[in-house]
Amino acid sequence: MPVLTRLIPSPVVVDIRPGALDDLAGVLADQRISSSGKLAIAISGGSGAVLRERLAPALPSAEWFEVGGGTLDDAIKLADAMKKKGRYDAVVGLGGGKIIDCAKFAAARVGLPLVAVATNLSHDGLCSPVATLDNDAGRGSYGVPNPIAVVIDLDVIREAPVRFVRSGIGDALSNISAIRDWELAARERGEDIDGLAAAMARQAGEAVLRHPGGVGDDGFLQVLAEGLVLTGIAMSVSGDSRPASGACHEINHAFDLLFPKRAASHGEQCGLGAAFAMHLRGAKEESAFMAEVLRRHGLPVLPAEIGFSVDEFVQVVEYAPTTRPGRYTILEHLNLNTDQIRDAYADYAKTIGS
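For the sequence shown, my numbering assigns the number 1 to the initial residue and increments by one for each residue that follows.
In short, the hints are calculated from the structure, not lab data. Note that the structure is a prediction, hence the values are computed from the model and not measured. Every residue gets a Cβ at the ideal spot worked out from N, C-alpha and C, and that includes glycine. Warning: the hint list may mix true and false statements.
Within a straight-line C-alpha distance of at most 20 Å, the following computed DMTMM-like cross-link-like pairs (lysine to aspartate or glutamate) qualify [said to hold, decoys possible]:
1. 84 x 66
2. 38 x 73
3. 261 x 286
4. 350 x 286
5. 261 x 155
6. 85 x 73
7. 350 x 312
8. 284 x 343
The calculated label-pair distances, taken between Cβ atoms and stated as ranges, are [claimed, not checked]:
9. 60 x 326: 45 to 51 Å
10. 312 x 23: 45 to 51 Å
11. 135 x 110: 15 to 21 Å
Whenever a hint applies, use it, and build me the whole structure from the sequences.
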């Protein structure tokens, strides 16, 4: 009887611990990613310059490239600059989400593996097969290969502003709501669910939800970092963002599109969207618990806490389904009108304790 298996696209190296950055050169050499040290390292002009000064002595053969921002043009310029400079074993994206996404796109464009070295934990994109970049039409998602390695130094994470950790918490917790939406789409529309991807994303979210620690604890940061990496791998396994994106992310996208100059962080909006979406599907106790955890970590659970009125939030929720045509979530399922959304929000605010 044949044994049927499948290959899971995942990094060769996942190194998450205090001090991981100091061993970067050795890890890449030991894993045969770059035994020569010929690396193209993309950094920002701010914190990246400090890290360059720290790492350059251990990486004498590396070339350093300063990335202007998180746009498609920035990513193309990075790829072109690398082509002109020489030959490399791999590309290293050293920084936050914008730098890593630019490096992902550029690495794919020049046909090199990508090493993601995250300096904050703001969202689950650091290990995903997607590069999110601003373009002339607003923002686009571009399919790219998974990183070949992920390195997260918890000492560096603690030095970043705490708002980045909070954003990552909101993004991780939103997995729980996203999986419920996927299950709803399977029941109502016959959509296929990848059970492995769903399990990975759900457990990543649940681990963060139920961990007793806080944003300054190494144990909690370890679980959060692992959860964000697992979520990225879950998206690779399913070949889609479904494991991590449902009504929560539709609400996030609506905030960004309707109020681009006032929008909060990705994770703050996703966390709020997830708590509200859980309430909409009738899971009031779970919604209230999620809101309690979000509050404990300093994240918003009401629109006023990120500067929006109730009327504006109702507008966001009403607009949200248009942001992902074809995606079926609790928002599409209920198809609430303006007054129904307003009533649902009033009940949500009462349930979680406004």
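Exercise. Going through the earlier hints one by one, which of them does the structure break, listed in rising order?
Worked result: Result: hints 2, 3 and 5 break, sorted rising.
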